[in-house]
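Colleague: Here is what each chain is made of, one letter per residue.
4 protein chains.
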Amino acid sequence: MIVEKVKTEGLAHLSYLVADGDQAIVIDPRRDTRIYERLATEHGCQIIAIFETHRNEDFVTGAPVLAKRTGAQVYHGPHPDQPIEYAKTVEQGFQLQLGRLRIDVMETPGHTYDSVSLVLYDTEADNSQAVGVFTGDALFIGDVGRTDFYPDEAEKVAGLLHDSIASILQLGDHTILYPAHGAGSVCGGGLSDREFSTLGHERLTNPVLKLIGDRDAFIAHKTGEHHYMPPYFSLMEQRNSDGKAPVLQQELPALSYEQFKEKGNKVWVDVRSVEAFSGHYIAGSLALPVSMIAAYAGWLIKPEHEIVLLADSETQAHTAYAHFYRIGFDNVSGYWQINTNRWAVKSGQVSQIEHIGVNTLAGRLRENPDLQILDVRKYDEWKDTGVISGAYTAYLGHLAEKLGGLNSSQPVVVVCGSGQRATVAASLLKVRGFDQVCVLWGGMNAWQEDFSTEPYTE
Amino acid sequence: MIVEKVKTEGLAHLSYLVADGDQAIVIDPRRDTRIYERLATEHGCQIIAIFETHRNEDFVTGAPVLAKRTGAQVYHGPHPDQPIEYAKTVEQGFQLQLGRLRIDVMETPGHTYDSVSLVLYDTEADNSQAVGVFTGDALFIGDVGRTDFYPDEAEKVAGLLHDSIASILQLGDHTILYPAHGAGSVCGGGLSDREFSTLGHERLTNPVLKLIGDRDAFIAHKTGEHHYMPPYFSLMEQRNSDGKAPVLQQELPALSYEQFKEKGNKVWVDVRSVEAFSGHYIAGSLALPVSMIAAYAGWLIKPEHEIVLLADSETQAHTAYAHFYRIGFDNVSGYWQINTNRWAVKSGQVSQIEHIGVNTLAGRLRENPDLQILDVRKYDEWKDTGVISGAYTAYLGHLAEKLGGLNSSQPVVVVCGSGQRATVAASLLKVRGFDQVCVLWGGMNAWQEDFSTEPYTE
Amino acid sequence: MIVEKVKTEGLAHLSYLVADGDQAIVIDPRRDTRIYERLATEHGCQIIAIFETHRNEDFVTGAPVLAKRTGAQVYHGPHPDQPIEYAKTVEQGFQLQLGRLRIDVMETPGHTYDSVSLVLYDTEADNSQAVGVFTGDALFIGDVGRTDFYPDEAEKVAGLLHDSIASILQLGDHTILYPAHGAGSVCGGGLSDREFSTLGHERLTNPVLKLIGDRDAFIAHKTGEHHYMPPYFSLMEQRNSDGKAPVLQQELPALSYEQFKEKGNKVWVDVRSVEAFSGHYIAGSLALPVSMIAAYAGWLIKPEHEIVLLADSETQAHTAYAHFYRIGFDNVSGYWQINTNRWAVKSGQVSQIEHIGVNTLAGRLRENPDLQILDVRKYDEWKDTGVISGAYTAYLGHLAEKLGGLNSSQPVVVVCGSGQRATVAASLLKVRGFDQVCVLWGGMNAWQEDFSTEPYTE
Amino acid sequence: MIVEKVKTEGLAHLSYLVADGDQAIVIDPRRDTRIYERLATEHGCQIIAIFETHRNEDFVTGAPVLAKRTGAQVYHGPHPDQPIEYAKTVEQGFQLQLGRLRIDVMETPGHTYDSVSLVLYDTEADNSQAVGVFTGDALFIGDVGRTDFYPDEAEKVAGLLHDSIASILQLGDHTILYPAHGAGSVCGGGLSDREFSTLGHERLTNPVLKLIGDRDAFIAHKTGEHHYMPPYFSLMEQRNSDGKAPVLQQELPALSYEQFKEKGNKVWVDVRSVEAFSGHYIAGSLALPVSMIAAYAGWLIKPEHEIVLLADSETQAHTAYAHFYRIGFDNVSGYWQINTNRWAVKSGQVSQIEHIGVNTLAGRLRENPDLQILDVRKYDEWKDTGVISGAYTAYLGHLAEKLGGLNSSQPVVVVCGSGQRATVAASLLKVRGFDQVCVLWGGMNAWQEDFSTEPYTE
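Chain order of the listed sequences is P, B, W and H. For the first sequence, our numbering gives the first residue as 1, with consecutive numbering after it. For the second sequence, our numbering gives the first residue as 1, with consecutive numbering after it. For the third sequence, our numbering gives the first residue as 1, with consecutive numbering after it. For the fourth sequence, our numbering gives the first residue as 1, with consecutive numbering after it.
Bound conformation, chain P alone (with noise of 0.2 Å):
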């Protein structure tokens, strides 16, 4: 008897192989579904089924794709806002015997209409108590799932997710916890970063579940809630509603420095470290690396565009690959492993991009105190710690749109959490045209050591 948990980074997604004798099935699959066979087949088993716990927007599915290569069923639960064309519809009390494991289905509505969690049953042990329930983004470890997708509707919604983990605490404190992401997710605040839990350690403790129970004392906690909607998530709903993204071709096309540079139309990605884009970088680069794609793609590049990488490796350029397509992102057409020796050579350019420490920010606030600080965290970030006395804060996804509140003749400190944001924010302050343009590198974490900052205020 088998769970195995695969982690996606990025998406800090998790999906899961559940398997015992020689039959398994897979909980909502990844776009890239070759690990999931492989793990199927070091068991020893094969994939007979494919549940999805809900018509996700953060992602492209792998149940189609799967399925079509297995054999396999796709399971999805009812009422979902458009018909999935590949999956059979299962409801409230269906059954799936797995060996000696069963999986009941529970309609848990509340993120999504058609949220489903799946419990698990280890027969040989005891028919009537759960061993687990994969709850997809109904419940989380230390929070639950957002509910702002809905607009019109949010209240409702906010209490039919009430209703549903209300009747998920009812398997019972002994019940493991597995969830469909982990911290980092755009799916929710503020889960935590231990991955592992049960309903019980979570009735307990997580704090958004002392509210159950008192239904309207939710739904206010989860209507006053903040997040981001990024622009891809429509495109991954008509995705993941029809099943139909292509397959796509199996290995990136490594280019050689004279197709690299034909620049045309295409979007220049660097997907190394921030570390590494600020020594070195090729002007007119987007910096973006691998950990933040998932996240800030979809805000900062429009799908239509042609994508190119700049990569250390052809295993980075891969990796960056499958982060761009999990998400939808078909248009990326080749990378370059980055020479920037060869660049400068030819080109006779040289670019970097400067970090600074807090000390040496302090002293140029002090020398120029009206020098532009600018602040790409999150809003939820800016409640929490404060912002640096008069920066001008937006978010990193929005501040494409946000640039007219800077002046581009002008330094800017550009500041997040580290440095990470901030470096990919500076990029894009050098693509569109500002010059002197700076990182703090440590960001609000080290700032908030030795200086201090004054209450964000919208």
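Everything labelled a hint here was simulated from the structure, so no lab data went into it. Treat the hints with care, since some could be wrong.
Which copy? The list can't say, so a pair holds if one copy fits it or any two copies do.
Keeping only pairs whose Cα atoms sit at most 27 Å apart, straight-line, the calculated DSSO-like set for lysine-lysine is [to be verified]: (1) Lys378 to Lys346; (2) Lys402 to Lys266; (3) Lys263 to Lys68; (4) Lys244 to Lys68; (5) Lys263 to Lys430; (6) Lys244 to Lys266.
Predicted model only: the values in this text are computed from it and were never measured.
Based on the hints, put chains B, W and H in the right spot on chain P.
Modeller: This is chains B, W and H only, laid out in the frame that chain P set:
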């Protein structure tokens, strides 16, 4: 916050790395400790402490070596049978903070006097509600630890275990259970092959836990169990007290054909699959596939003998070597990448072990009702399924002493569950001069599909 | 300046990536071309051209696929038997500059009419002294190419080859020799298993080159050779002219036991080692270990049949799959990770092939001088070593047509050099209803150590 | 018959495993010898002998260790400067049979007095025509060995080398050349980056070999060369005579941030790419990317100093560690997986090295003609390409002694070929208190594209 499980096949041993931020602890490390260091590095943390849940008897502890390499402190429970020279004693109530996690020591004697359980708290979530508990050999999934190590105090220690488990259950149903063994271990009989559970699920479904609260019934159950104790356990007891197991050479030498064939006093152990062994083997060698080394080497080979391996590949040889040294067999001196063709050319000799199916066996029994059937399974298996009518029963670990009950000049068909252990037994019979030996492939699993058995009586 | 040799086992085929700076060419690519792209990436270069030394008959060319993926131009020599639709024709004197290297085309017909050799110059060192020459199937280390493909023009093409080799030798003793095959190829008989040589060393030591200068003697030698031509060669000729071999699916599906056992018209091919096969196999399957697929699949299986593999592991199955599709067998539809124990449990059936040593065979022959001995080696081997007295000779590729010469109700001992081909033959006899079949393990290599043979007469 | 070349990057060292049947020899093994054992195992053979072509001065020999592990005999030429305590002396005419291969010793002094070449014969093909020759540091592709190790006998040893090479050439044009170094080695200047040649091709194209036959011209050429001799060479001489280099610990410890930052007397060496270094580094560390360790560690670091590495990954750290111990630097005590963000948070400090392009440099020179330019290339490079007008030249290996020629309170632009060595030099200047240091990225390769140089005068 991370709990990484390290599963050691063969021993069915589970050890753990627990980490938060940049600190980690290891619980019950095995002898080859590089895996813990690698996990710590992957997660960007340093091992600061090592806990042993008890003085292990089934494998050589890696705690002293890992402590020396990393500078970590080893902690061990009170009242060991012999002093644990490399560890600091910790008692009920000892606490260790690990980033936002906390580890509390709980004394849980019974399996041994020095057994402790380690309770895990996420102090960011809650200071008093356990997230998980590492129970060592006190509580398993589907069973509890064996209590036959102190024959003179059998009832006393069984009673202690009862009380320990009752205390563990007080942590609450929501607590995740992290035991030190899974199915297949020599440290318990009825372990589930499910490797995830909670105290609540065990309370509700583990058959032995139904007896918690009825101390006498629990003691009666435990003292009525039938366990086997391999002779090497006493060697482990010594090694795991003084911590002086030598560091092993890193690479097992590959032997040439010429080096290999000078047998002398060496024991040739063929660690290939029993399927491969049955196809071709070198006369005089003992079959012991990698997966069976942990369970049977201690019975079939004396630790002081020099061992030479026959293996398909370097990888297989090194894996087998690790299986040997984990249980303290340090005398493996090399391996020969087996080439039976070369052996055939040089010696003119080819050895095979006949494997037959159940229909063939049934036919032979009809022709010769006195055909010797040797059943090498365990007591609990004989009891559960019965035996083939007329079978001579001898546990594989005891076979060498029980050969007197068989006629070496007449055919013997060796039987176990599947044919694995039977092939090992057949290779032993061959070494001891039996020359008409064959194996029932499919074993009792196959036999029971079509033919009847009779009850086992001692 | 790089010459990377890619050796394809089974076919004993040598292809090459030659590179300088950031440009590379590939010579005679095999069908699965990813390896050339990976090598190019490793060396930081792009594949700009692909050369074929001739229209290959023993494997499916990868040139059209590789050209499409990389944008490289394919070059092929003049006078092919059928037009090469995907290539540009190049003639004597064509030159391609590759960084500081230069490739010159030299027409070297004989093996085929379209054969060319490619001469490599390091122009930085010298423009007129060759560094190496890629001779395709014209000149090998220790032998020259076969000239039996045009039976009606046997003397003409042998004469052409004589002249071609004489021209090649004009490049000078110092020229490194890079042929298209090594020992074990079906494209030549006397190839050395040394894989490095020069034109000078061949001139001095290659026995066939002693005949250069005596055209008639060379022709007589070549027309007197004995070669086998597998039926799939004609399929290759078509494929390698039109370049339309389909792109294959990337991953071979793993079949469950249930999927596997529905046999229908499928051919079960067991690709494990013959040692493993002889220990346990599934009745009805053909033994064909990975290393023998290239040489014998074309004889033993019809390309239009659906093939299902039995393999030890996913890796082995995928390797075998590649060996099949490289020679144009595109009908491999899946593999079963073989579990003979499960088969035994479900079917009650266990199959083994008896392997015996030479002493046992000698004993049986003494008891039964009429015992059928089947020798499945090649003509040249029978000639070289003689045969066991009374042996029935049938080349493994011709065995199916020659079974009439054996009595299927009497015992047969199958013999080859080592026992490899004999096990394949034994599996075929079993499928054809012979039931007393055994294999001489060690084969003639072992027999000759201790026993006598008699000369082979046709 | 196998010749496997093992290329050791950094040292540009070529060692060889030569094998036939189940026996192998190794020529000039490096200190970490596991690779030879693995190759031998892959080819199914045993290492029976180890040859050294001379007492190496640029790396620690692996011969004594490999001999101990495998039981092989070490052979070394006559007349070493100090006795080779672990080897048997072999002289002109010594022969070793290796299956069908044969190795003949040929004395070829000049580079050192104890230099020998090893001539390879395929006795199956021919007993008297060499297939290849392993020339150690006597003859390279495109150059010959340096002869500056005996300054008092410069002409004598140059003459000896002349005669040795003349003898080697007697083996015949067809003989494949296997030298001990490729391009990039400190053991020769004009080595080709082609790694395949023959005696004939060298005779025809190697410029130094044009002088063979004119002994005086050859001597004049050799004694007029300019070589650098790193201080660690003398350490190597001792180690490679007594064979007592200690066996190293197998795994380099990973240090926590706290362990790392206690600097004490340790030398922090940052082995990341110079691109990464220039983006972020830890003040006080020396840049020395892995590929430059072999060439420059011996100049920039004293062997007795404790070294701590800063690396991107465990793999990079271990590779760097090997580069250090191969040249006898055994004092690397650990590595920190560098996290510059953490450093920034904890210290408030961020360090970058400015990299500029040629256009920027030209602009600065126009503004400030007295701008200090430091050129850290080699004598031969200055001679070949000239230098930027006004540049201060100091070979990187000599930089520490030549800092007096620069003004540390004024800006310095450091220049090399590409920017690699310049970044190393810049890190050294920073440690020595220069604070306005920048690097010309693209280096002289870029400068020469667009700007002029002036001839170098000593």
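Colleague: Each of the hints needs a verdict: does it hold here or not?
Modeller: Status of the hints after comparison with the structure:
Within a single copy, Lys378 and Lys346 get their C-alpha atoms only as close as 40 Å, which misses the 27 Å cut-off; across copies the closest is 24 Å, which meets it. Taking identical chains as interchangeable, the C-alpha atoms of Lys402 and Lys266 lie at most 27 Å apart only when both belong to the same chain, with a minimum of 24 Å there against 48 Å between chains. Taking the shortest Cα distances, Lys263 and Lys68 sit within 27 Å of each other only across copies (22 Å), while inside one copy they are farther apart (38 Å). Taking identical chains as interchangeable, the C-alpha atoms of Lys244 and Lys68 lie at most 27 Å apart whether they share a chain (12 Å) or sit on different chains (26 Å).
For the identical chains of this complex, Lys263 and Lys430 are intra-copy neighbours only, at 17 Å inside a copy versus 38 Å across copies, given an alpha-carbon limit of 27 Å. Taking the shortest alpha-carbon separations for Lys244 and Lys266, only the intra-copy value of 25 Å comes in at or below 27 Å, while the best inter-copy value is 33 Å.
The structure is consistent with each of the numbered hints, conforming to all of them.
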